[in-house]
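**Student:** Given only the sequences and the hints, what does the whole structure look like? Please build it.
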Amino acid sequence: MTILDRVKALLGEGALLESGTDRVPRIAPGSPDAVALLLSTAHQEGWRVRIEGAGTWLPSDAPTDLALTTRRLDRVPAIEPQDLTATAEAGIGLDQLRQQLADRGAWLAVDPPGLAGRTLGSIVATATAGPLRQGFGPVKDHLLGVTFVTGDGRMVQSGGRVMKNVAGYDLTRLQAGGFGAFGVIVLVHLRLRALPRADVTHVLEGSRDELTQVAEDIAASGLTPAALELVSPALARRDRWVLAVRLVGSPTLVASDEAGLGRFAKLRAEEGHGFWMRLAEGFAVRPVTFRIGGVPAASDELLDLLQHQVGDEWISAAPAAGAIRWSGDATVDRLQRLRRTLAALEVPLTLERAPWTVRTAVGHFGAYREGAGPLVAGLRRTFDPGGALVVATDGE
Amino acid sequence: MSRPTLAAALTSIVGARHVRQAPAERATYAMDGLATHRRLPDVVVLPGTREEVIAVIRLLATLGIPFVPRGAGTGLSGGALAQDGAVLIVLTRLNRILKLDPANRSAVVEPGVVNARLSAATRPHGLYYAPDPSSQSACTIGGNVAENAGGPHCLKYGVTANHILALEVVLATGETVVLGSPGGEPWGPDLVGLFVGSEGNFGVATRISVRLTPLPRAVRTLLADFMALRAAGEGVSAIIAAGIVPAALEMMDQSCIQAVEDSVYAAGYPRDAAAVLLVELDGRDDGAAETEADAVTAILKGAGARGVRSAKNEAERERLWQGRKKAFGAMGRLSRDLVVQDAVVPRSALPDVLETIAGIAARHGLVVSNVFHAGDGNLHPNISFDATDAAMRAHVEEASAEIMGACIAAGGTITGEHGVGLDKLRYMPLIFDAESLGAMHAVRRVFDPDERVNPGKVVPVHACREWARSANPGTMPRGSGAVNPGAPPRGQPVLAQ
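From first to last, the protein sequence lines are chains A and B.
Letter by letter, the first sequence follows residues 1 to 396 of our numbering.
Letter by letter, the second sequence follows residues 1001 to 1497 of our numbering.
Since the hints were made in silico from the structure, they are not lab data.
For each residue, glycine too, the CB sits at the ideal point set by N, CA and C.
Please note that the accuracy of each hint is not assured.
[Stated by the list, open to error] Quick look at which bits of chain A chain B covers, simulated, 3 or more residues with Cβ under 8 Å:
id : segment
1  : 134-147
2  : 151-159
3  : 175-188
4  : 193-201
5  : 204-217
6  : 246-257
7  : 369-378
**Tutor:** Right, dumping it as structure tokens:
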């Protein structure tokens, strides 16, 4: 019996999707229990499985026996506008989720890089926060709990649906940014905000140095923008670097904050929307995307370092948060060298997106600090004892 | 190994002054802030440096002796109690602020630094450490990390986990690991996030990098009083639903108000009110804070507030907050013993759950006072009782379990900031199935394979599905583990005699 026959028998014909160019069977379980059944079987049979969402972020190119896509897990079992919480399955596209939330007056303050249809599970698993991290924190801050299935098919619940929760260890934080190495996220409990009544974007063009100083001044002024992002000319599709400020909240407070911005140019609503959308999509175009995180005061130095080592054509940075995202083309050797250089400065580099040959050589993670590597390996063995989940965690 | 021999070995590391083995000395450490649990440690050791911590832990690893890390002992879950031959490692002597970095809004501290002292040290730089548990004048940052402590101002600024950038941790073996980075970005999976809130089960944090927050430039503190508890709960929901995130949004019921007003912490709360809300709003300038304060005042009046007043100056603000923060102490006037409970419910469930709790209290003939973080649905029902009365102790046990059950039934959880420790062990199977508890147990064993660090806490091992031996886990129905929520709980607390 072939793998395909086994899967058909387990999950039914409807779970089989068309294969990609590499002809790896693509399976779309229709429920969390079906994911557990599939992975349990994969574990017992020794099948190697790659995890996919909508297929718009990480390339679907890991060599495996089958691809498990979450795209049929696209239900939103609960939206509670009064409590500002929601529960959504991992395969729902962010665009669809946003719309359903907006219809109920709620908002998920996350704006990840990539196309609008990226799945929620992909965003959580890769912890890819966008410019809104400045005002609303990283992806993990928006999670109340997750349900995931381990590599050997166990269904594990972590966290809950309420605003505060310290019952048990926080396995939710392990899953956020785990790149699927510790299981397949199937259900996510989210912390929401009220849909802002005002949402405006202002931009200022100039030299990188000049705009970095302006960003520092804004951060020091007590203004608390939702986003404060320094964007390279190519990425912003402008002639010069752009500092973009996004303000959200009540009309009165936003208007008051706008008054403090001075010489920025205000974008019309659709222009502002387009600006942030293009920025997000820009990171899904070139072959390699990574993020680094340093201390805020080192942002300028880190931008210089990136410019010197890999160029700064496609780059976006939150100087006040110390976060930088880079996109472009880079060899394995160059990425490994850059990671070593940054590690010496105590700055982690997370490879977010790249072809399999680069991912497997460089690894999403690496350059662990003292003693952390064995813990990561131990956690990996715990949640995927047979190594069924094919994830390039550590590189070569 | 005999106690004197072990004490001698520990003395060779930290000196005789810092090893406690006499019964009276050890009795000091037999409880934490929750007086319903009592465990006498075998030996107490107080290392003064990270090197001494490492040496002590290596010694205990060599001898295979379990140990329990402890900060100031202000925890409220029996989490820092040592039992069954475990050594208590008290970290209060590691109390240095190692680095202040105002430019990057961060600091590096040892675990024994007192929460309020850190904010006092950073205030001249226009910064503070945002998590502010009610015990902040005594509790330590290390304890805050272990418990993922919260506090009134966590509504807007987040709990401890949101403020920890990096950790140096000594594992059970005595090996040192470094988790996280100075900017807060993880090197791989978020091991800092996993460690925070692990209640000392994963190791001992010896260096803690924290994020600091700019002091608010303008603050408005409002006191709203209601003649019905339900109306106050509805006022809370209305504020949040309007998209306003106050810095703090606290509620006290009448029993709590009266205890405070009868005490030296009297804050001027109206004694006849069924409930008061303390709402704090901050902003970058007076105009911004005032705008939000006006909006909140209108919402609260719409919800039925009898009156809403704003603190006129800093002294009045401090007085209003002192009443809230010292409310637990004020309840000492009501009875000789107090159980401080901790649970979380969806905000919209607050009015119903508060009524249910009042019903439970009436049925058991107990006084339950509520003082809590209403903005995030984090309840603290406090049961006043006399522990010398066996019948009353039984009622307290039953009422506590019923309150937890009501919170779980409302979609909530058993602890929002106090942790599981010993006190909530028996409730864990009510919110996690055997597979999920098994996963937690397995993670603990990655950090501490012999389960020697703070044994017997957080995860009820008897309720876990065996992680290594399950034959066909994918096909097992969830929630079908060998757990019967109605069965007599094991590991239940022992009320103080």
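**Student:** Looking at the structure, which of the earlier hints fail to hold?
**Tutor:** 5
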